[in-house]
Structures are given as C-alpha cells and as structure tokens.
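Visitor: Line order of the protein sequences matches chains A and B. Each residue of the first sequence is one higher than the last, beginning at 1 in our numbering. Each residue of the second sequence is one higher than the last, beginning at 221 in our numbering.
Since the hints were derived computationally from the structure, they do not count as laboratory data. Since we're looking at a predicted model, the values are computed, not measured. It cannot be assumed that every hint is accurate.
Derived lysine-lysine pairs resembling DSS-like cross-links, with alpha carbons at most 30 Å apart [to be verified]:
{"id": "1", "chain 1": "B", "residue 1": "Lys-355", "chain 2": "B", "residue 2": "Lys-368"}
{"id": "2", "chain 1": "B", "residue 1": "Lys-267", "chain 2": "B", "residue 2": "Lys-291"}
{"id": "3", "chain 1": "A", "residue 1": "Lys-219", "chain 2": "B", "residue 2": "Lys-262"}
{"id": "4", "chain 1": "A", "residue 1": "Lys-219", "chain 2": "B", "residue 2": "Lys-283"}
Just some of the chain A residues that point at chain B, by a computed CB distance under 8 Å [said to hold, decoys possible]:
{"id": "5", "residue": "Thr-25"}
{"id": "6", "residue": "Leu-27"}
{"id": "7", "residue": "Met-29"}
{"id": "8", "residue": "Ile-31"}
{"id": "9", "residue": "Val-32"}
{"id": "10", "residue": "Ile-33"}
{"id": "11", "residue": "Ala-39"}
{"id": "12", "residue": "Ser-42"}
{"id": "13", "residue": "Met-75"}
{"id": "14", "residue": "Phe-79"}
{"id": "15", "residue": "Leu-85"}
{"id": "16", "residue": "Gly-111"}
{"id": "17", "residue": "Leu-209"}
{"id": "18", "residue": "Ala-212"}
{"id": "19", "residue": "Asn-216"}
Beta carbons: idealized from backbone N, C-alpha and C, even for Gly.
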Amino acid sequence: MEHIGVRETVNFMGLTFNVETICMTWLAMFIVIVVAGLAVRSLKVIPTGWQNFIEIVVVWLQGQINNMMGRRGKMFEPFIVSLFLFLLTSNLLGLIPFMASPTNDLNTTLGLALLVVCMVHFFGLYFKGTHYIAHFFQPFAPFVVINMIEEIAKPITLAFRLFGNILAGEILIIVLLHLIPIWMPIPSVVWLAFSIFISCVHAVIFTMLSMAYLGNAVKE
Amino acid sequence: MIEINATMIAQVLNFLILAAILRALAYKPVARLLQQRSDSIKNSIEKAEADKKAAEKTLEQYKLQLAEAHKKAQDIVDKAEITARQEREALVAETKREIDKMKQTAQEEIQNERNRAFEQMKSEIVTLSLAAAEKIVAKNLGTKENDKLVSDFIANLDKDMLEDVK
Numbered sequence: 001m002e003h004i005g006v007r008e009t010v011n012f013m014g015l016t017f018n019v020e021t022i023c024m025t026w027l028a029m030f031i032v033i034v035v036a037g038l039a040v041r042s043l044k045v046i047p048t049g050w051q052n053f054i055e056i057v058v059v060w061l062q063g064q065i066n067n068m069m070g071r072r073g074k075m076f077e078p079f080i081v082s083l084f085l086f087l088l089t090s091n092l093l094g095l096i097p098f099m100a101s102p103t104n105d106l107n108t109t110l111g112l113a114l115l116v117v118c119m120v121h122f123f124g125l126y127f128k129g130t131h132y133i134a135h136f137f138q139p140f141a142p143f144v145v146i147n148m149i150e151e152i153a154k155p156i157t158l159a160f161r162l163f164g165n166i167l168a169g170e171i172l173i174i175v176l177l178h179l180i181p182i183w184m185p186i187p188s189v190v191w192l193a194f195s196i197f198i199s200c201v202h203a204v205i206f207t208m209l210s211m212a213y214l215g216n217a218v219k220e
Numbered sequence: 221m222i223e224i225n226a227t228m229i230a231q232v233l234n235f236l237i238l239a240a241i242l243r244a245l246a247y248k249p250v251a252r253l254l255q256q257r258s259d260s261i262k263n264s265i266e267k268a269e270a271d272k273k274a275a276e277k278t279l280e281q282y283k284l285q286l287a288e289a290h291k292k293a294q295d296i297v298d299k300a301e302i303t304a305r306q307e308r309e310a311l312v313a314e315t316k317r318e319i320d321k322m323k324q325t326a327q328e329e330i331q332n333e334r335n336r337a338f339e340q341m342k343s344e345i346v347t348l349s350l351a352a353a354e355k356i357v358a359k360n361l362g363t364k365e366n367d368k369l370v371s372d373f374i375a376n377l378d379k380d381m382l383e384d385v386k
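Bound-form chain B, shown alone:
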C-alpha cells in the first residue's frame, strides 16, 4: 500500500513542469496586471490627494476674495448712503431757500399790489368825494371856498383813511 518507487521522481518532474508552465502562462501576466492595478490605484489616490489640496487652496482663495468683495461692496454702499444723505440735505436746503425766496417775492408783490390799490382807491375816493361835494354845494359855494373845502377834506382823508388802511 505504501511503496516508494520511481513515481516519486516522475511526480516531482510533473510538478516542476506544471510550475514552469503556470509561471509563463498565468503568473507573470497576473502579477504584471496586479502591479499595474496597484500602481494605477496609487496614482489615482495621489492625484486625488493633490486635487483635494488644490481645491482646498482655491476654495480658500475664493473665500478670501469673497470677503474682500463683501467689504468693498459694503464700503460702496456706505459711501453711496453718505453721498445720498448729503445730496438730500443739500436739496432740502436749496428747496427751503427757494421757498423762502418765493415767499419773500410773494410778500413784496402783495405789498406792491396793496400800495397800488390804495393809491388807486385814494384817487377814486377823491374823485367821488369831489363829485358828491360838487352836487351838494354846487349853488352855494364859490370857487375859492370850494378849493379850501377840498384841501381840508383831503388833509382829513389822508390822516384818517391812511390810519385805517394801514
């Protein structure tokens, strides 16, 4: 049952042949493929690391730029607000001034109108009074007396009427 014979030598040779065939047929290509794969995985990981680092750097830059831009925008807004306020104030002041001017002009005009109206009225009153007086004293009075009467009337009129109007 247990017998050592030349089979042993044959088996060793068989195995060595098998090992040689397998080495050429399978082991070498598989080992090469595995090496390639591990290389490519290593490269991918390295590349991914580098990409990640670059991306982080870019992100950092972007954040910085964004912050700067925010600051700039805030500055611009602030400046614009200040300018707007100043302009508004200037405008308000200008408007006030104009209004004042217009008011003054209007008052002056009113004054002028009133003066003119008063002058007109005065002369009309004189004329009317004269007409009335003429009618009343037409027959009685001579020209001399008449003139004196008119002068007195006007003097009185000036004193009283002007007091009233003013």
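Chain A with its partners taken away, still in its complex shape:
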C-alpha cells in the first residue's frame, strides 16, 4: 500500500524527473507510433485492420473540429488526433498489471493542459489580435477578474480532472486486490471494466475540452 503515489526520481542536469512517468510515456508513445505505423503501412481505399481504427478516430475528430473550431480548425487536426491517441493509450496503459499510466502523474496532465492553454492564448492573439484581449473585458471592464479566474481555472480543471480520475482508478484496483481475497475476483473485474470505460471517457473529455477552448480562441 505504501508504494502508491511514491515516485522514484532521478536528478539529471540539476533537474528532477519521475522515472516511471517518463518511461511509461515513452512506452505509450511507442505503442501509439506502432499502431499508427501498422495502420498506414498499406493504406487502401477500402480500409482493413488498424486502418479502420485510425480512420474512425480521424474522421470523428475531423467532424468535431469542424463543428467546434470552424475553418481554421484544420491546422489543429494533427495535434488533436495525437492528443486523443496519446491520452487513450496512456489511460489504458495503467490498467495492465505492473504498468502505470503516464497520466496518473500531475506533471503529465498539467503539462498538456498548460500546453493547450498556451496554444489557446497564442492562436487567439495571432488570429484576433486586440479583439482577443478585449473579450476579457466583456461585458464590462470589472468582469476581467472573473474572466481571469476562468482562464486560470481552465488548465487546472483540465489537468486535475484527468489526473484524479486515472490515479483513483489505479489506486482502487490495487486497494481492491488487497481488500478482497483472490477467490472473489468479481469486484476487481467490475472495477477494471469500469476503469476501461473511464479511461476512454476521460481521453475524450480532455480532447473535447481542448477543442472547445481552442475553438473559442480561433473561431471567426
């Protein structure tokens, strides 16, 4: 029990890194790249195998991006698709025994959330200029305080929602295995199934919210 949440760290060039998170991230990246490579190895007009999976993801996200972000959303498609595939793989990775999700580390989720929020502000300024700054003072000037709180809350909620759900899922798997004897596997299996569902849902939620935030900033 005591090992939950304790992270092995290494110091490298004066910086501290969580080893497990980094390794699991690389594993997740590797899996995503392998799956993508398998999918595009022999692209055919009539899709087979992994090509179906990638096409479903791409077509679905293209539709969502088109709805949420309009014409300018096209340039964010590779980013959004990568985000979804990476989060899905990361979330599911933690459900395999002896593995951990990269997303059970706040560093990962907050990093991605900050990346998204930085992109929101950068592209907002790039596409809309002063109008983007002006919209923080809507409907009238004092609202800037509330708007700022909202803007700060965005990355925090985005990061903690994903982090909390994935970490809780993994913790409860371990707790259930300790609490319930091995001949009574039903609660663990049920929770595992639920965790698979949660993993997919939160990958979708993170991606959708990122799209919505970016959409607000770049939509005409």
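Model the placement of chain B on the given structure of chain A, informed by the hints.
Guide: Just chain B now, kept in the frame of chain A:
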C-alpha cells in the same frame, strides 16, 4: 505524492515529439486518403446523377420514338386494310361480272344449240313424215297430189310444232 518538477517540461516535449511524428507518419497520409476517398465518392455520385439524367432523357426519347413507331405501324395497318378491302371488292365485282358473262354466253350457247336441234329435228320429221306418207299413199296418189299433201303437212307442222317447241 503531488509534486511538480521538471517531468512536466519533459512530458510536454515528449508529447510535441509524438505529435510531430504522428503528423508526418500517420495523419498526413490518412487525411490525404480520406480526401481522395471523399473526392472519389463525390465524383461517383455526380457521375451517377449525370448518368441517371442521361438515361432518363434517352428513355424519354425511346418512348417518344416507340409511340411514333406505333402510330406509323397503325397507319400502315389501316392503309393495308383499306387497300385489301378495295381489292377484295374489286375482285368480287370482277368475278361477278365474269360469272354474268359466262352465264350469258352459256344461255346464248344453249339457245343456239336448241335452235340447231330444232332445225335438225324439223328436217328429220319432214323426212320421216314423207317416208311414212309415201308408204301409205304410194299406190293411190299421183305426183301432183303428193306435192300438195306434203306442202299442207309442212304448213300445219310449222304452225303446230313450232308452237309446241317454243
């Protein structure tokens, strides 16, 4: 348990690298394929629409032609019927005429035959009568009386016999 450190930077970089790799490796070809597919589907649908329109037009033309052909055929049949009727009537009239002619000819022939037979009979009767009369009056009558008798007989014969025959 919750500790923000340099891992965050590493994770962002990791993700950006992944995004770059995926963009080059998977996204671009897949997006291109999807675009191609949607283009080809669009083209197919457009082509199908155009084909359908052309087919409908052709069908319309064919129907028109068929109707025309029907009309023409009907005309031809009608004309042929009229011609046939006329021919038949002409033929019937011709036949009737021929029959009439033949009848007339036959009647004439019969008349001729009868006249001829009558003439023949008349002369034979005369001869027979003469022979009979000769036998009866051979001894009694002289030549003068005989001639007168014959003339009377023939005159009577003409009157009675011809009445009977006619």
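Visitor: Look at each hint and say if it fits the structure.
Guide: Evaluated hints:
{"no.": "1", "hint": "B:Lys-355 x B:Lys-368", "in the structure": "holds, 16 Å"}
{"no.": "2", "hint": "B:Lys-267 x B:Lys-291", "in the structure": "violated, 36 Å"}
{"no.": "3", "hint": "A:Lys-219 x B:Lys-262", "in the structure": "holds, 27 Å"}
{"no.": "4", "hint": "A:Lys-219 x B:Lys-283", "in the structure": "violated, 55 Å"}
{"no.": "5", "hint": "Thr-25", "in the structure": "holds, 5 Å"}
{"no.": "6", "hint": "Leu-27", "in the structure": "violated, 11 Å"}
{"no.": "7", "hint": "Met-29", "in the structure": "holds, 5 Å"}
{"no.": "8", "hint": "Ile-31", "in the structure": "violated, 11 Å"}
{"no.": "9", "hint": "Val-32", "in the structure": "holds, 6 Å"}
{"no.": "10", "hint": "Ile-33", "in the structure": "holds, 6 Å"}
{"no.": "11", "hint": "Ala-39", "in the structure": "holds, 6 Å"}
{"no.": "12", "hint": "Ser-42", "in the structure": "violated, 11 Å"}
{"no.": "13", "hint": "Met-75", "in the structure": "violated, 11 Å"}
{"no.": "14", "hint": "Phe-79", "in the structure": "holds, 6 Å"}
{"no.": "15", "hint": "Leu-85", "in the structure": "holds, 7 Å"}
{"no.": "16", "hint": "Gly-111", "in the structure": "holds, 4 Å"}
{"no.": "17", "hint": "Leu-209", "in the structure": "violated, 16 Å"}
{"no.": "18", "hint": "Ala-212", "in the structure": "violated, 19 Å"}
{"no.": "19", "hint": "Asn-216", "in the structure": "violated, 21 Å"}
Violation of the numbered hints given earlier is confined to hints 2, 4, 6, 8, 12, 13, 17, 18, 19; the remaining hints are satisfied by the structure.
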